[in-house]
Amino acid sequence: MIEIDLSFVESAAINSAALANGRGLIVKGKFVALKHSDDKTVIFGECKGSGASNYQCSCDFVEPSKPVYRCTCPSRQFPCKHSIGLMLAWVDGKKFSVAAIPEDLQAKREKIEKRVEKKKVEVDKPVKVNKSALAKKIKAQLEGLDLLEQLTLDLARTGMGNTSAKTAKQIEEQAKQLGNAFLPGAQAALYNYTKLFASEDGHVEGEINSQKRERIYSQALDQLTRLNALVKQGRKYLQARLEDPELKPETESAIAAWLGHAWQLRELREAGLVQTDVELIQLAFNSYDDIARRELVDTGVWMNLGDGKIYLTQNYRPYQALKFVKGEDSFFKVAKIPELCIYPGELNRRVRWDGMTFRAVEPGDLKAIRQHAASEFAPLIKDIKTHLKSPLADRHPVVAINFAKISQIGNETLVVEDKKGERIVFTETGLAEEPASCHLLWLLPKEMFQNQTLIARFHHDIDAGSLRVKPLSIVTESQVFRLTL
Amino acid sequence: MSIAVLNQVYTEARRLAIAGSNLAVGDFRLKKLVEPLEKSAQKAPVFGVVAKAIDKLVAGAEKESAQALLDLSSLVLAILYTQGQTSVEGQPQPIRSKELSLSTTQVPARLIKPLIEALTSTGSGRMETIKEGFERGAFDDIRLVNPAVKALDDTYSEIADFVTDNILPKYGKTIVPEIKDKIDIKGRAGNVRRLRLLHQLEPSLARSIVLDAFENGSKEMKIAALGCLGDSPADLPHLLEQAESKSKDVRRVALGRLGNFNEDDCIKLIIKALNGADRELVTASIRQSQSKPSGKQSSRRRNASLKSYSSLRIKPNSIRHSSVLISYWLATNNEQTKSAWHSSPPCTTVAMNSRS
Numbered sequence: 042m043i044e045i046d047l048s049f050v051e052s053a054a055i056n057s058a059a060l061a062n063g064r065g066l067i068v069k070g071k072f073v074a075l076k077h078s079d080d081k082t083v084i085f086g087e088c089k090g091s092g093a094s095n096y097q098c099s100c101d102f103v104e105p106s107k108p109v110y111r112c113t114c115p116s117r118q119f120p121c122k123h124s125i126g127l128m129l130a131w132v133d134g135k136k137f138s139v140a141a142i143p144e145d146l147q148a149k150r151e152k153i154e155k156r157v158e159k160k161k162v163e164v165d166k167p168v169k170v171n172k173s174a175l176a177k178k179i180k181a182q183l184e185g186l187d188l189l190e191q192l193t194l195d196l197a198r199t200g201m202g203n204t205s206a207k208t209a210k211q212i213e214e215q216a217k218q219l220g221n222a223f224l225p226g227a228q229a230a231l232y233n234y235t236k237l238f239a240s241e242d243g244h245v246e247g248e249i250n251s252q253k254r255e256r257i258y259s260q261a262l263d264q265l266t267r268l269n270a271l272v273k274q275g276r277k278y279l280q281a282r283l284e285d286p287e288l289k290p291e292t293e294s295a296i297a298a299w300l301g302h303a304w305q306l307r308e309l310r311e312a313g314l315v316q317t318d319v320e321l322i323q324l325a326f327n328s329y330d331d332i333a334r335r336e337l338v339d340t341g342v343w344m345n346l347g348d349g350k351i352y353l354t355q356n357y358r359p360y361q362a363l364k365f366v367k368g369e370d371s372f373f374k375v376a377k378i379p380e381l382c383i384y385p386g387e388l389n390r391r392v393r394w395d396g397m398t399f400r401a402v403e404p405g406d407l408k409a410i411r412q413h414a415a416s417e418f419a420p421l422i423k424d425i426k427t428h429l430k431s432p433l434a435d436r437h438p439v440v441a442i443n444f445a446k447i448s449q450i451g452n453e454t455l456v457v458e459d460k461k462g463e464r465i466v467f468t469e470t471g472l473a474e475e476p477a478s479c480h481l482l483w484l485l486p487k488e489m490f491q492n493q494t495l496i497a498r499f500h501h502d503i504d505a506g507s508l509r510v511k512p513l514s515i516v517t518e519s520q521v522f523r524l525t526l
Numbered sequence: 123m124s125i126a127v128l129n130q131v132y133t134e135a136r137r138l139a140i141a142g143s144n145l146a147v148g149d150f151r152l153k154k155l156v157e158p159l160e161k162s163a164q165k166a167p168v169f170g171v172v173a174k175a176i177d178k179l180v181a182g183a184e185k186e187s188a189q190a191l192l193d194l195s196s197l198v199l200a201i202l203y204t205q206g207q208t209s210v211e212g213q214p215q216p217i218r219s220k221e222l223s224l225s226t227t228q229v230p231a232r233l234i235k236p237l238i239e240a241l242t243s244t245g246s247g248r249m250e251t252i253k254e255g256f257e258r259g260a261f262d263d264i265r266l267v268n269p270a271v272k273a274l275d276d277t278y279s280e281i282a283d284f285v286t287d288n289i290l291p292k293y294g295k296t297i298v299p300e301i302k303d304k305i306d307i308k309g310r311a312g313n314v315r316r317l318r319l320l321h322q323l324e325p326s327l328a329r330s331i332v333l334d335a336f337e338n339g340s341k342e343m344k345i346a347a348l349g350c351l352g353d354s355p356a357d358l359p360h361l362l363e364q365a366e367s368k369s370k371d372v373r374r375v376a377l378g379r380l381g382n383f384n385e386d387d388c389i390k391l392i393i394k395a396l397n398g399a400d401r402e403l404v405t406a407s408i409r410q411s412q413s414k415p416s417g418k419q420s421s422r423r424r425n426a427s428l429k430s431y432s433s434l435r436i437k438p439n440s441i442r443h444s445s446v447l448i449s450y451w452l453a454t455n456n457e458q459t460k461s462a463w464h465s466s467p468p469c470t471t472v473a474m475n476s477r478s
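So the protein lines, in turn, are chains A and B. In the numbering used here, each number is its position in the first sequence, counted from 1, plus 41. In the numbering used here, each number is its position in the second sequence, counted from 1, plus 122.
Read the hints as simulated data drawn from the structure, not as lab findings. One should not assume that every hint holds.
Unchecked claim - Subject to a maximum C-alpha distance of 20 Å in a straight line, what follows is the list of computed PhoX-like cross-link-like pairs (lysine-lysine): (1) K71/A <-> K135/A; (2) K153/B <-> K174/B; (3) K107/A <-> K367/A; (4) K487/A <-> K220/B; (5) K160/A <-> K107/A; (6) K81/A <-> K135/A; (7) K377/A <-> K107/A; (8) K159/A <-> K149/A; (9) K272/B <-> K304/B; (10) K295/B <-> K487/A; (11) K273/A <-> K185/B; (12) K235/B <-> K364/A; (13) K277/A <-> K178/A; (14) K446/A <-> K220/B; (15) K273/A <-> K178/B; (16) K308/B <-> K344/B; (17) K277/A <-> K289/A; (18) K235/B <-> K367/A; (19) K374/A <-> K107/A; (20) K217/A <-> K180/A; (21) K408/A <-> K446/A.
Said to hold, decoys possible - Under 10 Å between C-beta atoms, here's a sample of chain A residues computed to sit facing chain B: (22) L194; (23) L196; (24) A261; (25) K423; (26) L455.
Ideal placement from N, C-alpha and C gives every residue a C-beta, glycine not left out.
With the rest of the complex left out, here is chain B:
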């Protein structure tokens, strides 16, 4: 009860300090508090001291009011500082920790501080700082997790992409809730990266968002969603459709993802692309299809189709043809293809470059 009175004294003193000490003289709200204070003084003399201080203020002259108000405030504050409540009501529960696997914070301030600034602000020179920090293993430090996630939306896309591809995957599934909650399917750059990352970390969780973005998202999000399709056979019709899209970007992504499949339709499309202007777009797809484990029968079929293509192109003349065949050779180590481009000078150069 008595502490409540002191809190009231503080509130009034604060009010008067805001308004100006001249108004404190004769202030009736303060005057009213003198009586309860004097009563409490019987139990604790300090209340009597406070009462006297109030008297001095309200009954004093205006030119003394500033000093008197400061003295009263000092007195009341000194007492209130001893009355702080530390506890709180409620039943404590174990912390629902996300338990990041990194558990070290031994990176020195000189390295971390510029990194945090580089990740959360704008300006030049940040990419070098971040790259250097990454090379020195600074991102193993838990204090950089949140700034790194923020960098998904960095205005400089190189930084945002670098963080998305190299740094954030390290943190694993722990950051999934953080990313998932913030995806906007109508969004652009940052959201595209979030979707890509989510798909990388937790493909099953990402599925519904991917489909939603593919149907209803903005242009950039649709392409990003397309890049996440291909994990399930149900996606094949979508991919086949988009592989014939007018936009090169869309075709690139679709053809890239078709590498996951071995169906005849896919092979036909890939060969068609090889024959046409889209041959560079299918390189990754071919490589991926070779490295993907698949049934023996389907892989034989695939190899047969691609072999037939390469036999048609025994003497490739252009560098572009060569690069496709080289990637096929690298993926399959196919002797026939090897002999094919050995015979053609432009191919040899390209081959030497790619062999390293």
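Here chain A stands alone, though its shape is the one from the complex:
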């Protein structure tokens, strides 16, 4: 049974242009035939195109969590505009006639079923690792780490004050070699350093003024220590793997991802890093342009309704692949995930899944968020500080906290207090790419400031010696009130 609504179609579309094109097809009356199968699991039809013959397109929902879009048009986008138009026609309530499932569609369904069966069998079979190739790769990575060490020590030796736009550019050139050495994570870490010396638009072409320089030095030093730790811990980890080729990528800490390992879902499954039948609710969302990585990134902050853990989703869209990789959007329902894969890490672990259904948010879900949120600030702050201690830790963890009230001190400062009177001050600084949110607090109705749940991102200001929070959302009894995007 197909249960899709407009918001589903909107989120299925890669971007708004695809959606608009799909809508345009209906408006222009290009659909010649609209059909659905007897059991209403698949909709299909014919659409006039610029080619000689009509395009046959279909949307198959036999597996509701993994809809399959097929079309004979030459576009490589999935779903293409014809499939989107087909779904929009369904959602609009246009007339679809019952028809038998076309043979080729049926054949493709069977093919998928066979493939799924084969995969299940294969999962039990251990994956054969080419040991010599792996050893070669690890050696290349170790050499890459040597290069990283040399670059980092050079930076420390010449001094941050002497790092000009020119030297930053030179470092970026060298960083490319790290990418060749299978260390994309290390490369990204180096870019995070050089981009501090970049101008507003992200390029290290022009010099930055001395005022800006002064502000970035603390951050730059922090980044240098991270690079230092990456070299040390990375080396230790890779040596261990070299000595024991059977060793799987480490799962206790996130060192593998920091070096740049792209975890496959299969690997996470093998390592037992899965949870089944999980329900997630999104608490905050942001989409930004990471100029250093040359990618657009969509990040979601989610809470596991079962155990209250806060997870992050990261969707990376390289500039060259923007047409083909789907951009994510804010998600206002509860995601029901049959198999959630959780990356190694601490506090806000990254998650990914393949296939989900959804249901509407109920008051019980919002209550669950409140129950899972921390009610006392003191133990929470202690945990956060312990987490921040580690040089490779995520410096901006997200938490859910129940507060008694939000008030102002003086004209500008906003604080949040728990029921014991423990206070944390708000700040607008968090992740550079996150939209400002504090200013919205001055516009909210008074109920928002009493006895609600705050989703906040911690930020430690090294120079001021202060630990502050940036508000991302406020969860009330009726909604998740988003303050960022």
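Keeping the supplied structure of chain A fixed, place chain B upon it in accordance with the hints.
Just chain B now, with coordinates in the frame of chain A:
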């Protein structure tokens, strides 16, 4: 006390990282900190570790200095990350919230992000994005309030006008302080819109600024201020004066606002305008004067005057005459006027168009 020492260690390490690690060897400021650290080590061993790290740096060789400086920095930073202050002194007060009546943020990012960009940047295609967002009700979302207010100064006047007329009034009195504080009476486009908006949202508050702009403002602001006059009888002399101005724009605004009044002087002026070249300028005024509730006597007088005009023009020939009469008819449903233009072909066409 001991944390202060650590902060000092950090400051020195930072300084040396800026200058270059070679200069760290033998650095006397760092050396001085070793002693207090070793003393504190008796209470907390970690200070002793820091002291050792400093020693390794200042007493070591230059070629080891980079590694030693990084190690020291890592160590000190790790400790300082556990010492962040969360609280602040002072008495908390309830937030002086502006309490916007919109209290939803359920608009998805895919819709909001392009809207925020459209409202705050420049380029083509923004008008369509904003119109579409408006039609989809996106502007009920609190996150668009500030970008929408910023759009008052948009370089593309169509966008700025659209926002001023359709979007900002929704936010009501909450945005008044924001607008009022930024009005510059010597300004142009954005300030004209601000004045108009302020007058729409809070006429009493706007009054003093309107008068000031009318007297002392720039040309555009004077006209805008003129458009805000007419709420009080004191404005009548100004309006009457400006209705005879050389500038058509000024006359249009003044005649438009005269619709608020029923005095004989006004009626005379309006009829004079109908007779002259300014007949289109008074259409709105006539319509408004009919729809405005007023005393029975004054409305009878007004109707009488306008009726006498229409009786003189039983056979209007030009389309321009017709449009004025049509608007009068639409406002009054006056039978006499209806019969007047029924008899004239050009009028019938115009009437059919306006009836829809």
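- Message: Holds or violated: K308/B and K344/B, Cα atoms, limit 20 Å.
- Response: Distance of about 9 Å is within 20 Å: holds.
- Query: Holds or violated: K487/A with K220/B, Cα cutoff 20 Å?
  - Reply: 9 Å, holds
- Query: Is K277/A within 20 Å of K178/A, Cα to Cα?
  - Reply: 16 Å, holds
- For the pair supplied as a hint, K217/A and K180/A, is the alpha-carbon distance within the 20 Å limit? 17 Å, holds
- Message: Check whether the Cα positions of K159/A and K149/A lie no farther apart than 20 Å.
- Response: 15 Å, holds
- Query: Has the given pair, K107/A with K367/A, been kept, meaning a C-alpha gap of at most 20 Å?
  - Reply: Status holds; Cα separation ~15 Å.
- Hint status (Cβ of K423/A to nearest Cβ of chain B, threshold 10 Å): Since the shortest Cβ distance to chain B is 9 Å, the answer is holds.
- Query: Are the Cα positions of K277/A and K289/A separated by 20 Å at most?
  - Reply: 15 Å, holds
- Given the hint that K160/A pairs with K107/A, does the C-alpha gap stay at or below 20 Å? Holds. K160/A to K107/A sits at ~16 Å (cutoff 20 Å).
- Query: Is K272/B within 20 Å of K304/B, Cα to Cα?
  - Reply: 11 Å, holds
- Residue hint L455/A, partner chain B, criterion CB-CB below 10 Å: 7 Å, holds
- Pair hint outcome, K377/A versus K107/A [Cα-Cα no greater than 20 Å]: 13 Å, holds
The structure meets every hint from the earlier list without exception.
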